[in-house]
Amino acid sequence: MSLVTSLTYVLPHRWVSSLARRLAYSPSPGLKQWLIDTVVRKFGVDLSEAAESDPTAYPTFNAFFTRALKTGARTPDPDPRALLMPADGRISQCGPIENGRIFQAKGQSFTAAELLGDEQAAEPFHNGLFATVYLSPRDYHRVHMPWKGTLRETVHVPGRLFSVGTDAVASVPRLFARNERLVCHFDTDFGPMASVMVGALLVSGVETVWSGVEIPRYGDAITVKDYRGGNVVLDRFDEMARFNYGSTVIILLPPGVAELAPELRAESPVKLGQALARLI
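Under this note's numbering, the letters of the sequence shown match residues 3 to 282, in that order.
I should point out that these hints are in silico values taken from the structure, not numbers from a laboratory.
Treat the hints with care, since some could be wrong.
To be verified - Subject to a maximum C-alpha distance of 30 Å in a straight line, what follows is the list of computed DSS-like cross-link-like pairs (lysine-lysine):
#, residue 1, residue 2
1, K44, K150
2, K44, K273
3, K227, K108
4, K150, K273
5, K273, K72
6, K108, K72
7, K227, K44
What the hints assert, rightly or not - So the derived label-pair ranges between C-beta atoms look like this:
#, residue 1, residue 2, range
8, P80, D222, 41 to 49 Å
9, K108, R140, 41 to 49 Å
10, T152, G214, 28 to 36 Å
11, D56, Q122, 43 to 51 Å
Ideal Cβ placement from N, Cα and C applies to all residues, glycine included.
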């Protein structure tokens with residue numbers, strides 16, 4: 003375990019992330035431009051793909067970080083049976099949910115029930131499929147729909163805010179089931195689908211297209227919002243949510259409905275819209 007990961011055990015996670023949020027939303031021209039220029043330089047951000055390619059045009063660092071892409075910069079896989087990659091980034095892990103457990107890294111796993119915060123909600127995904135996609139600071143930070151779905155409910159699960167970098171994933175037990183997260187349950191024509199937006203250290207917000215800011219609303223109890231009858235329907239490839247700073251989205255699928263794209267491997271770079279899986 004690295005020194006940085008070790009320090010995250012003792013850092014005041016919420017205070018640090020709240021401070022990061024204040025900096026991200028600061029309108030101070032000098033501060034926001036220094037933050038933008040630092041991230042562009044350090045992480046090699048490709049602004050040629052952005053709808054606004056001028057780094058000085060963004061009013062805040064958060065506006066830069068949640069920037070939109072140019073029309074056509076990402077396109078959905080043309081196969082109508084393809085479930086789509088929800089975001090730019092890299093595959094952390096993907097594969098079967100074996101006896102209710104999701105593989106995190108060598109020697110590390112957690113249960114779907116722990117991730118979703120509910121044993122009953124996890125049952126439809128028993129022996130199904132999962133894909134964990136890590137978004138780095140250089141990536142496009144909006145998350146889209148793998149398949150058309152009707153929102154059933156969201157579950158805000160409070161927790162820690164560990165880093166989700168490679169070292170932390172390899173060494174922090176049950177990392178994704180410990181970090182604060184927003185679980186989004188959808189009903190689709192093949193059954194249930196879950197999209198889990200996992201927060202991380204310095205990730206000071208998760209926003210959805212239907213409700214706005216969901217995290218931070220720091221609390222100590224699980225919060226469930228019921229959207230049955232609300233007619234929140236999102237098409238395949240539609241934007242559903244966005245992160246501030248880098249983090250992780252985990253997709254869960256029920257058993258027997260799809261096969262993961264065979265080219266996907268741990269650490270594979272991925273782009274929004276490419277095939278995540280194909281319906282059987």
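A quick look at each hint next to the structure:
no., hint, verdict
1, K44 to K150, "36 Å, violated"
2, K44 to K273, "21 Å, holds"
3, K227 to K108, "35 Å, violated"
4, K150 to K273, "19 Å, holds"
5, K273 to K72, "14 Å, holds"
6, K108 to K72, "38 Å, violated"
7, K227 to K44, "39 Å, violated"
8, P80 to D222: 41 to 49 Å, "46 Å, holds"
9, K108 to R140: 41 to 49 Å, "26 Å, violated"
10, T152 to G214: 28 to 36 Å, "19 Å, violated"
11, D56 to Q122: 43 to 51 Å, "49 Å, holds"
The structure fails hints 1, 3, 6, 7, 9, 10 (numbered hints given earlier, in ascending order).
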